[in-house]
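Asker: So the protein sequences, as listed, match chains A and B. Numbering-wise, the first sequence is residues 51 to 164 according to this note's numbering. Numbering-wise, the second sequence is residues 489 to 598 according to this note's numbering.
None of these hints come from the bench; they were simulated from the model. Please note that the accuracy of each hint is not assured.
In the DSBU-like style, the derived pairs of lysine-lysine whose C-alpha atoms are separated by at most 35 Å in a straight line are [claimed, not checked]:
1) K115/A to K490/B
2) K530/B to K57/A
3) K57/A to K533/B
4) K530/B to K115/A
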Amino acid sequence: SAVISQKPSRDICQRGTSLTIQCQVDSQVTMMFWYRQQPGQSLTLIATANQGSEATYESGFVIDKFPISRPNLTFSTLTVSNMSPEDSSIYLCSVERATNYGYTFGSGTRLTVV
Amino acid sequence: RKEVEQDPGPFNVPEGATVAFNCTYSNSASQSFFWYRQDCRKEPKLLMSVYSSGNEDGRFTAQLNRASQYISLLIRDSKLSDSATYLCVVRSNTGNQFYFGTGTSLTVIP
Numbered sequence: 051s052a053v054i055s056q057k058p059s060r061d062i063c064q065r066g067t068s069l070t071i072q073c074q075v076d077s078q079v080t081m082m083f084w085y086r087q088q089p090g091q092s093l094t095l096i097a098t099a100n101q102g103s104e105a106t107y108e109s110g111f112v113i114d115k116f117p118i119s120r121p122n123l124t125f126s127t128l129t130v131s132n133m134s135p136e137d138s139s140i141y142l143c144s145v146e147r148a149t150n151y152g153y154t155f156g157s158g159t160r161l162t163v164v
Numbered sequence: 489r490k491e492v493e494q495d496p497g498p499f500n501v502p503e504g505a506t507v508a509f510n511c512t513y514s515n516s517a518s519q520s521f522f523w524y525r526q527d528c529r530k531e532p533k534l535l536m537s538v539y540s541s542g543n544e545d546g547r548f549t550a551q552l553n554r555a556s557q558y559i560s561l562l563i564r565d566s567k568l569s570d571s572a573t574y575l576c577v578v579r580s581n582t583g584n585q586f587y588f589g590t591g592t593s594l595t596v597i598p
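Excised from the complex, chain B in its bound form (with noise of 0.2 Å):
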């Protein structure tokens, strides 16, 4: 089983919509939790941590549920700039191994 899952889209979502993705992982024990975003050809770049009270950045919310053992992220109001790859990343509770999850494709639609 991979550390970390990712539905691999694409998602293909109009202007000014609200669209969310899950990320699952494996280790119950995982410390931290991340979403990045890679734009296509460039490096991925830190969009948000994810914080076990959820947090919000704008339009962009990230919610933890250890229970369950995902993460989402929630992009509001959908900009044609949010067009991207959008990675799951979550670290181990034994080092500085960070896993990523191969990425969820957005495109939004004018």
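Only chain A is shown next, with the shape it has when bound in the complex (with noise of 0.2 Å):
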């Protein structure tokens, strides 16, 4: 299965700047996910990034707020814009390790903004 590396870990971050996250692949793959999961929640899915076309975002993100690059297979990265307290959270990139075999997960980003 796939090796995911995210980056950073950890982030304390002042109210109105702006972070970005990312995730390398060790292998090829078309999809990656982005999730978020907020204290004491379960994982929202944000977006899928799709190697060469715009990222698709589910109902409640924005491209604007989350913007998304995906400049290879390998490779994305998701950004935090204009952070607020509640953005503070677990941010987890994810690849599908097969068809049918669910996912495999990044170590995930805390991010808490102040």
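Join the two chains, each given in its own frame, into one complex according to the hints.
Answerer: Here it is as structure tokens:
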């Protein structure tokens, strides 16, 4: 299964600033997924990142707030823009292990906005 | 109605006990089903896929009941190291969307 390197692992940021999270996969994958897990909650899909096209955002998430890049088949970034304390969460990237074999997740980025 | 619903627990069981979790899903055409384990401050990790015929992996048994639209996870002879949150995950039939339950918290007590 794919190995995913995600960084930073954690950060404390001032409100109004932006943070870019990076995910590097050790093999080429068509789609990468970005999730958010708020304290005590389950995972919510933010967007699907496709190489060569714009990301597909889920309801409640917009490109201006969460711009995503996917420059090649092994890398993606998620930016959390103009942060507020409500953005404090764990952000996870993931890829599908193989068809019908579920996801592999990066180790997550624990973001605290103060 | 949520796509996937789980009893959040917590379940506190003694070592050696058998414990079972259920999870219901709303889309009868869902394709694939999984149980994930998430330790505190860690990412979720795949525990096992759930097949129509049921499947077993050591102390863990997963079952799927399509008629009633639920999946279950049974853990036998609980170990302290089984303490974690167990997430039920369902893949939709319409694409690559995976739906996560809120997780069931398990604590195994010495």
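Asker: Please go over all the hints and tell whether each is borne out by the structure.
Answerer: So, going through the hints one by one against the coordinates:
no.	hint	result
1	K115/A to K490/B	holds, 25 Å
2	K530/B to K57/A	holds, 14 Å
3	K57/A to K533/B	holds, 18 Å
4	K530/B to K115/A	holds, 25 Å
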